[in-house]
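Novice: The lines below spell out each chain.
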Amino acid sequence: MNRPAPPPTDDELHAWIDGQLPADRHGAVEDAIARDPEVAAKIAAWHTQRDALRRLHGELLGEPVPAPLMNALERDLPRQAQRVSWLRWGGMAAGLLVAFAAGWLGSMQRAREPTAARAGAQLARVPAVREFVHDASVAHAVYAPEKRHPVEVAAAEQQHLVQWLSKRLDRPLKVPDLSSQGYVLVGGRLLPGESGARAQFMFEDPAGERVTLYIGTLDANAAGATAARETAFRFASEGPVPSFYWVDQGFGYALAGKLPREVLLKLATLAYRDLS
Amino acid sequence: MDARLLVEHIPSLRRYARALTGNAWAADDLVQDTLERACSKWRLWVAGSDLRAWLFTVMHNIFASQVRRRPPPHAVVALDDVPQELQGGIDPGRDQGTQLDLQRCLMQLPEEQRAVLLLVTLQDLSYAEVAKVLGIPAGTVMSRLSRARVRLQELLDGAAAPVRPGLRRLK
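Chains as they are written, first to last, in the numbering used here: chain D, 1 to 276; chain U, 1 to 171.
The following block holds chain U by itself, in its conformation from the complex (with noise of 0.2 Å):
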């Protein structure tokens, strides 16, 4: 109802769109949707409840819609990311290395984990919350983190190695 509020949201909204994602286009595509649907839905948003979760639903149910019509890329990174990430300096900083590892890792969970993962680390929302966003039993909400956080660190653990001389040969 408080139009407002949804306008304080859109930073959160743009950062977990691009986790999920992994490309900074789909990502702020995804945001695009997501707001033009809360505005034509703003009836179904119950006034007082939450508004946060109820614009993540909407969002994970246009995201969720577009991963069924066509099947996810696999492990993408954005072209355009990639010569931000090794600008001012042929040695990419250790941070930024360290993101482009994590969100091409992220990309290979599945997702479903990946969601699960990424409300609960990124938006802090309670897994019940999540649960509810996701349309999920609060079992499900648990073995999907389980399941996201010991893959992701397994891809971690053995991205770290093969990636960086790949990005070094580019000196």
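Okay, chain D solo, but in the shape it has when bound (with noise of 0.2 Å):
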């Protein structure tokens, strides 16, 4: 009733074991272990051992990662702190990483719970920093498309855009440089945020695609508060338009645009070495 399809290769046996074979094959697969009672018991015995091997030694990911370890990555990084190459972002990274190793041995002992899997992800998810992100993601969605007014300080004032915006978030601000990548600036508009004002720079290229760089306090009150004092780059596409942000000094910065990953990192990187 069906056209026959090609019987199953070995290569292809192994996909189905491993989740890998595309789903046009699956049927191919299917009606051969139907029919040939030799790949069934092959398939069968894949399985088991597959399954067993997946319970090897599964219980090392909820064992707290050993001291010595930990140890090992701070050990390197006052190394990695000093090299001049990578500018501040490996003493970024770096100083990131002992304050997390700390507070995440230390809630080890506290909780002796086997979180490690998580504890990285939970640092991200300070709530005060995901809701700036979320922000960012929206004023982008929001002012992006706009034609006739998507700045209320147009770029030809720049002068008086950030001596403006400066003055309502109450910390000099600079514009950061992107015309290497071919963004102008458009200009910028103030935004209300959870703990104060936030600030929205446009830019431009000649095609008219926007990024906007979005700039705000955290606030400092919040629960996780040293952690939100800095963070290293990071990437975030839950909200509508993706982002690549980071947090200096208890300073938030977001750049978003509808742009492949390694674009926005490109500008993301632009803007935060002109910003530092």
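Quick caveat, the hints were computed from the structure, so don't treat them as lab data. Certain hints may be false.
A partial selection of chain D residues facing chain U, derived with a Cβ cut-off under 7 Å [said to hold, decoys possible]:
1) Asp10
2) Asp11
3) His14
4) Asp18
5) Trp46
6) Ala52
7) Leu53
8) Arg54
9) Leu56
10) His57
11) Val65
12) Leu69
13) Leu73
Glycine is no exception: its CB is placed at the ideal position from the N, C-alpha and C atoms.
With the hints as a guide, dock the two chains, each given alone in a separate frame, to form the complex.
Specialist: Listed below in structure tokens is the structure:
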């Protein structure tokens, strides 16, 4: 009744076991299993074998990481921080890691919960940071498509724009230069945030593609405030528009745009270097 | 770049290293070497690429150079592991016994077949990722995977019988 599909190859049987077989070949494998007892036996044995392997040393996944391994990271970090070529990035990541490792070890001792795999993710999800990144994404989605009033103050008045936003955010701001990637300043606007004013700078390339840099103070009283003081670069894709964000001295930055991750990273890198 | 991600990967690196080396001490040494190398070679990681795959690449390179330096010990189970597995009752739990058998049989596979099999089953890497991590063509991944599965099955089928009486004699 069906067109006869070619019988599965050995490689396809492995791919089926490992969940890597394209869906359109599942039928062929299932047919072969039903028809050929030898294939059925082979598949059954490999399945059992795979399941057994996946249980092997599974207990290690829930165990706290032994101190010597955490120490191995810390020991290497001072060297890392001194490296000039990485500018401040390496140092920033390193400092973070030390803080994180210490906090993490502390929490392991307090709770003795085997949360190793989730610990890193938790830090990234400090509520204040998460909100900030989400707001950045929403602000981009709202204003970037705007034809007539994408910004409140246009780039022509850049000096005024920067002074104004610096005053409202109570911190000297700078506009990063993204022109080497083809993005020039359109202007900026003031936005409300959880913990005060936020600024949005908008950039545009010759094709009309826009990226926004969203800046603001993160709520220092929020839980996990220490963690929120500084983070390394992170990519966020949860909101309506993806962004790269980082936190420096309690001040958050998020560069958002409907762009491939690598392009966004390049722009964020430029902005970070320019602003630090 | 984001070092927190590195910490997140330690448990799965430990597990893979443990299955690969068959020895708790050797495994954590390997993980330690991997972390140190990763810290000092951050710049070789292409930001935005898969950190996990990169870490396994680093680990594999270290492991391969260790294997080149000293021939792999044959079918070793660390002595430290044995009492642990038997403790609490003379008859080892079925699963623990199976784990011992499985690890012992794994160690009889050639190292390059073991690595492919573990990266695919334990770590859920795609075949393409395994090829990249080990620096081998995709076709070689498949042939090693196939040989590893067939050989491991033979070893397991043959192992169950001779090993159990050996352990029971400890009673």
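Novice: With reference to the structure, classify each hint as holding or not holding.
Specialist: Hint by hint, here is what the structure shows:
no.	hint	in the structure
1	Asp10	6 Å, holds
2	Asp11	5 Å, holds
3	His14	6 Å, holds
4	Asp18	6 Å, holds
5	Trp46	5 Å, holds
6	Ala52	6 Å, holds
7	Leu53	4 Å, holds
8	Arg54	6 Å, holds
9	Leu56	5 Å, holds
10	His57	5 Å, holds
11	Val65	5 Å, holds
12	Leu69	6 Å, holds
13	Leu73	6 Å, holds
No hint from the list above goes unmet by this structure.
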